[in-house]
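Novice: Construct the entire structure; sequences and hints are all you get.
This is what each chain is made of:
There are 4 protein chains.
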Amino acid sequence: MTFNTFGRLFRYTTWGESHGEAIGCVVDGVPPRIPLSEADIQPWLDRRRPGQSKFTTQRQESDTVRILSGVFGGMTTGTPVSLLIENEDQRSKDYGEIKDSFRPGHADYTYWKKYGIRDYRGGGRSSARETAMRVAAGAIARKIIESAGMRVRGALVEMGGVVIDRARWDWEETERNPFWCPDAEIAAAWEEMLGAIRKEGSSTGAVIEVIAEGVPAGLGAPVYGKLSADLAAALMGINAVKGVEIGDGFAAARLRGEQNADEMEMRGEAVHFRANHAGGILGGISSGQPVVARFAVKPTSSILTPVDTIDRAGNDTTLRTKGRHDPCVGIRAVPVGEAMMACVLADHLLLARAYGD
Amino acid sequence: MTFNTFGRLFRYTTWGESHGEAIGCVVDGVPPRIPLSEADIQPWLDRRRPGQSKFTTQRQESDTVRILSGVFGGMTTGTPVSLLIENEDQRSKDYGEIKDSFRPGHADYTYWKKYGIRDYRGGGRSSARETAMRVAAGAIARKIIESAGMRVRGALVEMGGVVIDRARWDWEETERNPFWCPDAEIAAAWEEMLGAIRKEGSSTGAVIEVIAEGVPAGLGAPVYGKLSADLAAALMGINAVKGVEIGDGFAAARLRGEQNADEMEMRGEAVHFRANHAGGILGGISSGQPVVARFAVKPTSSILTPVDTIDRAGNDTTLRTKGRHDPCVGIRAVPVGEAMMACVLADHLLLARAYGD
Amino acid sequence: MTFNTFGRLFRYTTWGESHGEAIGCVVDGVPPRIPLSEADIQPWLDRRRPGQSKFTTQRQESDTVRILSGVFGGMTTGTPVSLLIENEDQRSKDYGEIKDSFRPGHADYTYWKKYGIRDYRGGGRSSARETAMRVAAGAIARKIIESAGMRVRGALVEMGGVVIDRARWDWEETERNPFWCPDAEIAAAWEEMLGAIRKEGSSTGAVIEVIAEGVPAGLGAPVYGKLSADLAAALMGINAVKGVEIGDGFAAARLRGEQNADEMEMRGEAVHFRANHAGGILGGISSGQPVVARFAVKPTSSILTPVDTIDRAGNDTTLRTKGRHDPCVGIRAVPVGEAMMACVLADHLLLARAYGD
Amino acid sequence: MTFNTFGRLFRYTTWGESHGEAIGCVVDGVPPRIPLSEADIQPWLDRRRPGQSKFTTQRQESDTVRILSGVFGGMTTGTPVSLLIENEDQRSKDYGEIKDSFRPGHADYTYWKKYGIRDYRGGGRSSARETAMRVAAGAIARKIIESAGMRVRGALVEMGGVVIDRARWDWEETERNPFWCPDAEIAAAWEEMLGAIRKEGSSTGAVIEVIAEGVPAGLGAPVYGKLSADLAAALMGINAVKGVEIGDGFAAARLRGEQNADEMEMRGEAVHFRANHAGGILGGISSGQPVVARFAVKPTSSILTPVDTIDRAGNDTTLRTKGRHDPCVGIRAVPVGEAMMACVLADHLLLARAYGD
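Chains as they are written, first to last, in this note's numbering: chain A, 3 to 359; chain B, 3 to 359; chain C, 3 to 359; chain D, 3 to 359.
Simulated from the structure, these hints should not be mistaken for laboratory data. Heads up, a few of these hints could be off.
Which copy is meant is left open, because identical chains are indistinguishable; a pair holds if it fits in one copy or across any two.
Unchecked claim - Cut-off 30 Å, straight-line C-alpha distance, at most; resulting in silico cross-link-like pairs (DSS-like, lysine-lysine):
#1 Lys115 / Lys145
#2 Lys145 / Lys101
#3 Lys201 / Lys324
#4 Lys201 / Lys115
#5 Lys56 / Lys115
#6 Lys56 / Lys101
#7 Lys201 / Lys145
#8 Lys101 / Lys201
#9 Lys145 / Lys324
#10 Lys101 / Lys115
#11 Lys324 / Lys56
#12 Lys56 / Lys201
#13 Lys324 / Lys101
#14 Lys115 / Lys324
Specialist: Following this line, the structure appears as structure tokens:
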């Protein structure tokens, strides 16, 4: 899990910049003899693709993925699967003031301090455009985990402080609104709220929940490869994420021991947990319950409101980010979070197979 | 960052079980010519050591560390530093019902499902006793980062839902109460609260904040070795942790873009940020501001209240955990969290040196 | 150093099959601010390119490399450099008997046993075509090590049992004959010999020597990252290689201790070694002398002479490999060996910088 | 495979210096439920132990190994196995001239250049004493591979230029002479030769062959985790090794394609190879034939004959190494080579299981 590579046995390496020629990834560690074609990957990319509603950036990208290697006769060969998406809408624009000034909240300043290079073209490597390849890799991971009975789904559960009502949770509803919201009433409220925020040129944050069902007990490698720690890294590493929780998360810190206990009982031959405060992970290992993770996405930093900042020459200046941006980047983070969960589970499934766990 | 090894260039591997003969770790990647002796490590271990107040387990362990290799003439040699602590109080007790039943909230069940082995002796490898070696490794990491001007400190900022008042934050106060609490008033309130919880045989959760000052801009390796993601894994991997935040964390999800902006300005030659919502990390790279992380610890699962569970034979049963336990494991997690922050920073400092960043 | 990725801090991942759409690699860990364009890479690829003399395969590939990411304004940015070469001459031929039979000496049988997939198109992933990307990655590695004063060169020192005379060693001669032979007389002899072998439809083996000059003392990471061990893996991993030596190699096993001693003396301020039996590496660490490695390449397995083999259905059969092949694959292994040496040195240079060695 | 850690899924980390308090290793990635005790490891250590014949160093070490973790109730638990050997004979001697002068052929000079530290106590970390832990880890690896039907054995096949006659190869003979020589006649000749060399205070080199039988087809992970490349690194990384061969090795470079072909045929249901020039590895993947590797060990550098060298202050000087040394370190390298082969195979067996290969 280093630099531009994610995972141990299911490993992928991404490359490419927001406004470069193309973006891509190499997925290494795909078991052989899995049926795979672009049609397995494209639908997931389409869910993350920009320009699908007025609530996401208007950048026009078809995000058409090509498989360049690792598949023969419709089956994976066990060799690296190379995926490529050409950038289409790298608008040859005047980067203007962004070229020399640092956008607060963005990685402009830190990349410049680290690398001594200012790739001002739409954020360069730090752009969320990289997450398209996470979704692509995640689509392959899904093929692996689904064959083992696992299923990963995500939903937006909070936006701008407005939280869903879990009693109304309906997975099918997530496909019917532009927010992946499982609560139809709240989706309507968000539509109004986010419309107003967008018109003001502002932005807001969100919380995403990702749930994996069908995860067998025994995945996770203590003590420095815990399923919880790997999920934390995977989700915290998504652009704009500032917090990660497993199960009850921070709320657990306010509970008493007896409130937090997931008591167990037998139901016939099967082990039954009476609750899932732990989010399906105990001691870093899956318990057989659904694995539940949440992550917080900060409000988009690019806003129309002018903000004070500095430029490369060390002068004070003011910046107002025009251009195409998401008023709530949390929305498009839903398919990305799902993908990361799928990749982590695929990695741990292969690890468990290695040791006969 | 795999299995029982943490880190890339500053790497340590831990071993040992709660009630085995000893615990230890091997720290690889320590630069040569650093003055090092047991006296540099022991004080940090003493902070985590059990049995120091009535609010932590009464297990008696001196936690005396020995350096077995990697140091010659009082200096590190660049070769692996092997550290060892002998277990002293592996009470030869009757494990009784714990031997065959699974304690809810513990890793008993998941280890058994994963490994097919039930090491019932005090949690075996899943015990928080392993964290002593994190603290020991962290002490060596501190030597590395302190020579680069960094300093890591931690504090308990919430217990049982009772939150400190940041206006009263006093680092010196953390050394004066048994909770590492920076707020004297709240420390007193916690003392009363936790005393009552302890007497009831119950437990509660807590939130710890760890702050690193003096971190130079440019640490962190995008996109899968982000400083934020590595911290998330490092902290989530501590026993009983269920949530991690950087900077404003989940609160950021409720902010507008303009509220969350850390505006910048020049103050003479120096770059100044007007706020630190980002917690010192942008795009996964340190900004030069203090790095701020928080993590949530669930209530201790071992409580006197009987809980329903199952045994290895697949029968329903009830369990009441007697024995020596912390009413709030979050307290002893403070030095552990500090250690993990130190290890992550040491690792990234070496990485940055490699590339001349 | 796992699967399709080579190196620790200077890391590259290759992908692609001999007769797929393209081949490529992603080079991660390139320090920022290094001037880089295709013109830095193409000349090295041209040296390995097929079809340059009658002694190498007649497959027509221009091997034109494109940089798809990681470079901005003519400089590396510190982010992954993605390289791509489109395959041009994937001759849509009748694979005939090769499709179902296993060519002895090739990886056909072992890939089939491992993966359960038979990618019969020119060897698929196991083809030496992959080595083009090693040369490309090596070209970037050269930029790194050359800036530190290192230089890597290779030569063919033995072919079909005919060994060069080291007294006649002339580096410039390596550029004048089609064998990278440093001995003009032997080059002429080889030309005759290999011409005859080629006409017979046979093949022969060779030994390549790679020398790195200007290597500073102190590169190499004991005990499982020794410079010698990394070179051994890097060179043994090249297609058709069956042996690797450092310095005197196997000949050292026949020496007495006093014959093998590289005695040292001061020459002014400089340390001087009177010999270099060790090949510039002691205890896995470079000594400051030239690093000398040799590797043995077996004769090309694809020959016109019919050989007995079996097919996928488990029947005995006989195979005669027609098509485009090198009578001595060792020739084109010279630039590949150089590239691997360059990559290993770049990796260790970055490692040494990390620790301030 | 970095620094002081070997392997991917079967991983061990060694620590300790020749004359430190103890040496040890942590073996991570041992599958659970394998019966294991010290009695499984000690016999292999006894084979490498010094002081067993007049042809090995007279240092007195019982090399008694202790298992400190990872085993419960006589079975591995899936958690790290920590092994420790206390050094007993760190003779408190006057290191005299060795303290400040660099012994040619040793790592003294390179460690000093790399680390800026001179651990003169018997070679410190660079001593072959570290190989005891390779043998210990190898003993655990044997448990894994033997349960899959594999068997690893080694023999000395050449000493001081005197080569065995393979027609007389007898594995049982290797247990009857102090050289692990499979040829009784040559063993007698070596005894005389090495006795004379020892009396002269000189030393000589050797070649070791290690053979693994029962290796299933399909182990090895192309293209940068080839079984051949991993073996090359594993064997080249042993102290004093200067060359590694697989199968015919360097001799293959002198063959024609038709001579080198390992033709195949069916024998009933089984695939039969008519020869094994390839040493059981094709394209980096095991073929099902015995895996055959050889490595060359240089003559012991510590000899009684005075050699010219320099000291730390940069003066010319002359050194004559007294003390306890092996006249042929190749002898004790036999069990070490076996151990490394076992570790590589265990690692690849687990890898193959991960992917269902």
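Novice: Determine for every hint whether it applies to the structure shown.
Specialist: Hint by hint, here is what the structure shows:
For the homomeric pair Lys115 and Lys145, the shortest alpha-carbon distance between copies (23 Å) is at most 30 Å, but the shortest distance inside one copy (40 Å) is not. Only between protomers do Lys145 and Lys101 lie at most 30 Å apart by alpha-carbon distance; the minimum there is 28 Å, versus 42 Å within a single protomer. For a Cα distance limit of 30 Å, the shortest separation of Lys201 from Lys324 inside one copy, 13 Å, qualifies, whereas the shortest one across copies, 60 Å, does not. Taking the closest pair of Cα atoms, Lys201 and Lys115 never come within 30 Å of each other, the shortest separation being 34 Å inside a single copy and 53 Å across copies.
For a Cα distance limit of 30 Å, the shortest separation of Lys56 from Lys115 qualifies neither inside one copy, at 35 Å, nor across copies, at 48 Å. Taking the closest pair of Cα atoms, Lys56 and Lys101 come within 30 Å of each other only inside a single copy of the chain (27 Å); across copies the shortest separation is 53 Å, beyond that limit. Taking CA atoms no more than 30 Å apart as the test, Lys201 paired with Lys145 passes in neither setting, with 40 Å inside one copy and 50 Å between copies. Only within a single protomer do Lys101 and Lys201 lie at most 30 Å apart by alpha-carbon distance; the minimum there is 25 Å, versus 62 Å between protomers.
For the identical chains of this complex, Lys145 and Lys324 are neighbours neither inside a copy (40 Å) nor across copies (39 Å), given an alpha-carbon limit of 30 Å. In this homomeric assembly, Lys101 and Lys115 come within 30 Å of each other (Cα to Cα) only inside a single copy, at 15 Å, whereas the closest approach across copies is 45 Å. For the homomeric pair Lys324 and Lys56, the shortest alpha-carbon distance inside one copy (16 Å) is at most 30 Å, but the shortest distance between copies (59 Å) is not. When the C-alpha separation of Lys56 and Lys201 is checked against a cutoff of 30 Å, the pair qualifies only within one copy, where the shortest distance is 11 Å, while the shortest distance between copies is 57 Å.
Within a single copy, Lys324 and Lys101 get their C-alpha atoms as close as 13 Å, which meets the 30 Å cut-off; across copies the closest is 58 Å, which misses it. When the C-alpha separation of Lys115 and Lys324 is checked against a cutoff of 30 Å, the pair qualifies only within one copy, where the shortest distance is 24 Å, while the shortest distance between copies is 54 Å.
The earlier numbered hints that this structure contradicts are 4, 5, 7 and 9.
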